[in-house]
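Going down the list, the sequences are from chains A and B. With numbering that gives the first Met the number 0, the residue at position 105 of the first sequence is 104, and numbering never jumps. With numbering that gives the first Met the number 0, the residue at position 78 of the second sequence is 77, and numbering never jumps.
I should point out that these hints are in silico values taken from the structure, not numbers from a laboratory. Quick reminder that beta carbons are idealized off the backbone N, C-alpha and C, glycines included. Hints may be right or wrong, so weigh each one.
Cβ-to-Cβ under 10 Å is the rule here; a few derived chain B residues that face chain A [unchecked claim]:
#, residue
1, 13
2, 44
3, 47
4, 49
5, 126
6, 213
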Amino acid sequence: MWPFDASDRRRRFEREALPHLDACYRFALALARDHAEADDLVQETMIRAYRAFDSYAEGTRCKAWLFRILKNVFLNRRRTDGREVDLEESLGAIQDLGWEDRPFYRSPEDAAILAATRDRIEEALRRMPRDFREAVVLADVEGLSYQEISEVMGTPIGTVMSRIHRGRRMLRALLSESLGLGQEAQRETTGETADPESGRVIPWVASREGGHGL
Amino acid sequence: MVCEEAIRYEDLYLDGEMAPDERLRMEAHLAACPACRNRVTEWIRIRAVVRQRMGEVRAPASLREALDHRLRRERNPSRRRLIPLALAASLALTLPLAKGLWSRPEDPLPLEDHAVATHLAIAGPEVQGDRATVESFLQARVPFPVRVPLPDRPGIRLLGARVARVGSRPAVVYLYDASGHRVSVTQYAPAGEDLPGAPRVGQRDGLTVVTYPAEGLVQTVVGDLPESAVSGIVPAAWPR
Chain A
0 MWPFDASDRR
10 RRFEREALPH
20 LDACYRFALA
30 LARDHAEADD
40 LVQETMIRAY
50 RAFDSYAEGT
60 RCKAWLFRIL
70 KNVFLNRRRT
80 DGREVDLEES
90 LGAIQDLGWE
100 DRPFYRSPED
110 AAILAATRDR
120 IEEALRRMPR
130 DFREAVVLAD
140 VEGLSYQEIS
150 EVMGTPIGTV
160 MSRIHRGRRM
170 LRALLSESLG
180 LGQEAQRETT
190 GETADPESGR
200 VIPWVASREG
210 GHGL
Chain B
0 MVCEEAIRYE
10 DLYLDGEMAP
20 DERLRMEAHL
30 AACPACRNRV
40 TEWIRIRAVV
50 RQRMGEVRAP
60 ASLREALDHR
70 LRRERNPSRR
80 RLIPLALAAS
90 LALTLPLAKG
100 LWSRPEDPLP
110 LEDHAVATHL
120 AIAGPEVQGD
130 RATVESFLQA
140 RVPFPVRVPL
150 PDRPGIRLLG
160 ARVARVGSRP
170 AVVYLYDASG
180 HRVSVTQYAP
190 AGEDLPGAPR
200 VGQRDGLTVV
210 TYPAEGLVQT
220 VVGDLPESAV
230 SGIVPAAWPR
């Protein structure tokens, strides 16, 4: 009634799950503190996925399924660590900062952003609050749908949309800043005067580095 | 569509998440408005750069090796068995009826590990509704008498259930919301050696795991809540 063959499961797992190892590692890096933690997360995820592979429904996307396990493994570990609410998460709760929605047009900074190296992009991503980094990585790097991202992040689609929207603009601003194009370019492109308020590209980054959080 | 709208929806457009008619409106606006068109084109290019550069990140070789090693151990269930194969075979010859009761090679792990793995991996219920609806859906799909495990009480809400497997065995996973905590109960028919005489309580990966016998079935409760809270959830079958 319940045909089962261990070698068949192994073959299926190798064919369907293991090709997503790199993607899992990238997602783990978006969540973890460092490479060692990402390494651990991925190993644990793959072992869990292998054990639960019978419950993986064909037809759903294996990558999204693996990401969901990875996120759960990550959250459970953080809970065990007593690090449930970390600094990044509280920073992520900061409300509208006012700069993301300003329209801007083709500008000299874009050419530089398009030439940004992987190191620059990684550094900019690292400086983002985790919730926003996670949303941007899932959408822009891994190409998950909003529905899949909502399942991985455990948040409603509306929240996913706003994290992607704000996350992309943070990433862009951080890249501009790291390329030395930040505030000047921002002001030039929006045609605004040097208003100290609106000129602040990402005020929480400074306060974070200052070590006093909110 | 005006520019304000186009700006608000540009992410949805970028991600292919717009309804077809909205998409057409967006495209009509982009065709007519160079500023919005330039902006959206820039986003598409920036995203392509981010995807390409970050997509180059690969899992290190050491991770692949370590994982390969661990998966191979998972694939070698015979090492974990208490009864050597030869003995199991001879018992099976003398007691052909008992054959199905011995730990089977396709069950590489204690069943609780499967319950924890399922808890972490499960997508959501495939049936929702009251107890009768859930039970009749499940009963048509598994070969043991299903019974929604946890009693109705304040703070515990049945979200639904799903047919699953633990090892090679048919099972059912019930999903609960216990005052904001995700709790699953995996229910399956015992096969001899894994019917616990008394509840077994343990911790795995920050999750509390309780296995206990109930009406001829085995139930494994997994939840992200402390052991003390589980006693409030697990019914009278667990004497304290």
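Now for the hints, and whether the structure bears them out:
| no. | hint | result |
| --- | --- | --- |
| 1 | 13 | holds (9 Å) |
| 2 | 44 | holds (6 Å) |
| 3 | 47 | holds (9 Å) |
| 4 | 49 | holds (5 Å) |
| 5 | 126 | violated (14 Å) |
| 6 | 213 | violated (22 Å) |
The earlier numbered hints that this structure contradicts are 5, 6.
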